[in-house]
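Number of protein chains: 2
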Amino acid sequence: MGKLVGNAIFGQSGGPTSVINASAAGVFTEALRQDCINKVYGAANGIRGILEENFYDIGMEDPKELELLKTTPSSALGSVRYKLADEKDDGTDYKRLLEVFKKYDIRYFFYNGGNDSMDTCNKISKYMQKVGYECRVMGVPKTIDNDLTETDHCPGYGSAARYVATATMEVYLDAHVYDTPMVCVLEVMGRNAGWLTAATALASYKGLGPNLIYVPEIVFDMDKFIKDVKAVYEKNNGNVIIAVSEGIKDKDGKYISEYGSDLAKQKDSFGHSQLGGTAQVLAGIIKDELNCKTRAIEFSLLQRCAAHCGSKTDVEETFMAGQLAVRYAVEGQTDKMVAYERSEGKEYKCNFKLVDLEVVANTEKKLPREWITEDGTGLTQDFIDYALPLIQGASSPPLEEGLPRFAKLKKVLATK
Amino acid sequence: MGKLVGNAIFGQSGGPTSVINASAAGVFTEALRQDCINKVYGAANGIRGILEENFYDIGMEDPKELELLKTTPSSALGSVRYKLADEKDDGTDYKRLLEVFKKYDIRYFFYNGGNDSMDTCNKISKYMQKVGYECRVMGVPKTIDNDLTETDHCPGYGSAARYVATATMEVYLDAHVYDTPMVCVLEVMGRNAGWLTAATALASYKGLGPNLIYVPEIVFDMDKFIKDVKAVYEKNNGNVIIAVSEGIKDKDGKYISEYGSDLAKQKDSFGHSQLGGTAQVLAGIIKDELNCKTRAIEFSLLQRCAAHCGSKTDVEETFMAGQLAVRYAVEGQTDKMVAYERSEGKEYKCNFKLVDLEVVANTEKKLPREWITEDGTGLTQDFIDYALPLIQGASSPPLEEGLPRFAKLKKVLATK
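Heads up: the sequence lines are chains F and H, in that order.
Sequential numbering from 1 applies to the first sequence in this note's numbering.
Sequential numbering from 1001 applies to the second sequence in this note's numbering.
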């Protein structure tokens, strides 16, 4: 295929990660140096920015700031959660996208996100093919959940895992300073897949991690949980560290976080709602059962934006995946997502490949059952061997007055 | 005064910090090299370890591990919250301490902690003087709360402040990725003093911090709070970041965290208790008032154990304060606490001095009213100028397989 000449647009979608902007840095720097790409645009708030013709002219940005994107967490362009309807049900958005693509001569479309975003990307790709508008469409993966199929791991996971493991080790030390019982419940993100919660096992591997780990892949049984905790409590002088995925569910499919919801619907003494999560529900239950001090710690947003504790391996691979998305597209590839493939052998090496958007859209990869210990409360050495290479090397933003210097984009809107 | 020959003991007390072991490293390395000090002991769980004759022989430790203490968070020896009775009310503990001091020929006593611990230290000092047992007693300050008097700042504050400011900047970016309203409430430690919550103002100074900051020094008024939030919400497209001290109270002295307590006393649908904090209470209130997405983030233990994001300035000063405590004691000083004094002038320089234990015991230093903006929702430039030098330089533990390598002490118990 010959080189396709025109403009390029890149959008960020879904929940941010601490390295999502490293993808942007890779796409932008590579697109800006390609002769066949004239203008490089960044969509404000993903697909919505394209629909509304809100996008930034990346050529106007200072290259130094684009470089800083590598260590700037969260979606610098703004993100969106927007589910495209099926075109056969409602073609409005598609027609509008085609109109915008034509108006701005968009011939390269890069979309950065998780499985929902790959679904968006896939739908747009198929539509442009159907109407015969020549445009190279390339998905750029991103998710701390690590749940995309057809890729060994996902950009963003290594950094989130490194932060979670590091913070868990630190909390472990803190939670062991008194000679009195204390049960600490750590809540990690992950609605359906336990990859990130499993990263706390890296702390256990270092001797400073949870005694018990619960992931959504295993049906959560409250009675067994209480028994598990009591057993560790007795063996361990009352010191128990537990890690749970936010998304653990019981056998009826009810989220454990919902156990508190009947209460949450009630109002406090001033007539206001209370909010609460999985760790808090479980800490409350343990407090009642064991009558001991408990603490619920939710890593919350911290785990997905901790660029100050990123994985260098993750940042570099993510940047490169962004660059390669552009190169592959320029070489004629379309309708694909860039993916990671791990080389066979003891030494970790990450190769890149392309996979069909169709295949990755809307599918989820869960922790293999055999990487979870038989009793469902820990991870095996196979998981450690898998995850450890992904967290190697420390990445953090440059400092200015002792604090991170994050990228400051000018965000010059493209002229309509 | 001549050199006093004998043994030394060091204990850690109160809530840990990410640099508390840097004090230990300073005390230990200095004490081990002093000719007049024979054995150096580390008390297990502070004063309790002394009362129970549980202490470690620090001379048996690998010097490399003692060096690693500098970047190992939480109390490596174990901590304690133990309030000594007044000797005139109950002299039991004092007699026991004297017995232990005599038995082990303890002539140097170093105690590391906040105002409660300085009270313990002071009481022991006065008792030993009273009974004529020659022992040099030296307090070594420690607290993320930064609330000790007679010292410009406290060991542990700079690192906690650096972590809090960094994480706040990251959360700010994360909380701004969607073009939909979101109110985020960050909860920072500090029961009576707002120093650490004020550190979020460093993030605001960098343009990535809270719009509103509430500290315990200002009486919390719920109606004003809701008005404040609504005003920012309207001005800011629904994006609001709020930082609150855990210890904010209303005009009746009721903690805001207790507003949810009537509810907390209730049970969830499975008959179990719910727990919750200040941020959660406020997020619930805002959710009801503004009918928007809210998120409560509690920095919890993370803020006091984040050695991976420490302040180099803090770590170095803390280590030096530990060393100096020993040197001063060897030179004949007793009944004092090591304190920091900031040089006059533009350039930051920290000097060391000694202050009377009597004066620092049980007193609290709060944020000066004039460093809080008139409307009570922010900090002035004076605070920024005060705090910024304390967070300079990045300190983090050495890495091993991508994760922190913390000190591993052998903890060889002293023979009884």
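FYI, nobody ran anything at the bench for these hints, they're computed from the structure.
Yeah, the Cβ is synthetic: ideal placement off N, Cα and C, and Gly gets one too.
Possibly wrong hints are sitting among the right ones.
Which residues of chain H face chain F? A partial, calculated answer using Cβ under 7 Å [to be verified]:
| id | residue |
| --- | --- |
| 1 | S1075 |
| 2 | L1084 |
| 3 | C1305 |
| 4 | H1308 |
| 5 | Q1392 |
Hint check:
| no. | hint | verdict |
| --- | --- | --- |
| 1 | S1075 | holds, 4 Å |
| 2 | L1084 | violated, 17 Å |
| 3 | C1305 | holds, 4 Å |
| 4 | H1308 | holds, 5 Å |
| 5 | Q1392 | holds, 4 Å |
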